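Undergrad: Note that my numbering has the sequence shown beginning at 16, numbered continuously upward.
Heads up, some of the hints might be wrong.
Label pairs and their in silico Cβ distance ranges [stated by the list, open to error]:
#1 287 x 229: 22 to 30 Å
#2 104 x 227: 18 to 26 Å
#3 243 x 97: 21 to 29 Å
#4 222 x 300: 32 to 40 Å
#5 240 x 300: 31 to 39 Å
#6 101 x 44: 28 to 36 Å
#7 180 x 284: 21 to 29 Å
#8 222 x 251: 19 to 27 Å
#9 240 x 315: 45 to 53 Å
#10 98 x 147: 16 to 24 Å
#11 205 x 288: 41 to 49 Å
#12 96 x 237: 36 to 44 Å
Everything labelled a hint here was simulated from the structure, so no lab data went into it.
Please read these numbers as outputs of a predicted model, since none were measured by experiment.
We put the beta carbon where it would ideally sit given N, CA and C, even for glycine.
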Amino acid sequence: MRHRSPGDATTDPGGGYRNAPVTAIGLWLFATILFMAQMAALKWLAADYHFSQILFLRSVVVVAGTTLLLLRGSGLGTPFRTRRWRMHVLRFLCFFVALSCFIEAVRHISLPDATAVAFASPLLMTALSVPLLGERVGPRRWAAVGIGLCGVLVIVNPSTGIFHIAALWALCSALAYALAIIVTRIVSRTEEATTTVFLLNGIYVLTMPVFAPFEWIMPSAEALLVMVACGVTVMVAQLTAVRACALAPPQVLAPFDYTAMIWAIVFGYLIWGDLPDWTVAIGAAVLATSGLYVLWREAQVQKSGPVMKSAKGLDSADRQDGRAS
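Whole structure, please, built from the sequences with the hints as guidance.
TA: Right, here's the structure in full:
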């Protein structure tokens with residue numbers, strides 16, 4: 016039997032959920048640290064190995080770990096089952112594009128610079144939640160999204176010195192990641208976190224060997240250890256992120272992606288001695304401020320209405336936001 020704490024979200028037969036935003040935000044912050052640690056490791060590995068090999072070996076570890084959880088049927092998982100194969104394949108494609116584009120970006124520019132460009136993702140997530148999830152975003156939040164995207168232009172301006180095809184790779188990664196989180200939100204309403212993570216990485220394991228005859232290089236002991244560590248880290252991060260997506264809507268979680276910049280700077284400086292220049296810092300600040308405003312507006316709308324306990328309640332609050340903003 017699965018045990019839930021009072022603050023946990025639950026899925027009802029109609030696909031509704033109970034919101035637990037504080038718990039979701041805490042989980043999202045923790046997942047963000049783990050994801051950035053993984054990104055730093057991927058940048059280090061990408062200097063010598065093709066992304067397909069890295070993702071394959073990393074995903075083997077994740078599949079092994081989630082299989083154990085599924086077999087045990089512990090609080091993290093239940094027996095494997097799904098009826099949403101198309102959504103899982105779509106989720107894989109979005110994450111694959113996001114991750115491969117980001118890896119390609121950090122081959123050429125620093126981790127902080129690539130992360131700064133990718134800061135467009137939370138704003139894109141807010142925008143995409145309208146057509147894909149039926150969310151309502153008021154004019155003030157739309158204005159914040161527009162201002163934030165101006166911050167992207169500041170970052171990728173040729174005068175900053177990072178306008179390179181790699182900056183466009185990072186922007187493509189941001190768009191694909193926003194789509195991936197939207198799909199995760201949809202899937203998490205009916206699917207267990209362990210099943211969702213298992214399927215994502217299982218598809219990686221099945222598809223990445225296609226590149227093996229062309230790109231495979233026998234990894235050193237050190238590189239193999241880092242790949243295994245990546246697998247463990249991303250498994251915990253993915254389980255945590257999927258759970259967070261089930262507890263709160265995307266526009267609540269998205270602004271906290273900006274904490275990734277802190278960890279990108281920390282890892283970038285400690286490993287490569289990289290620091291963002293002042294123009295990148297300004298653009299990132301504009302993006303972060305816009306995202307935080309989106310969060311603030313969401314909080315104001317939440318206070319003005321009853322506590323949302325279902326997807327129907329969320330839609331009602333969003334309609335109220337459309338009038339109030």
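Undergrad: For this structure, which hints from the list above don't hold up?
TA: none
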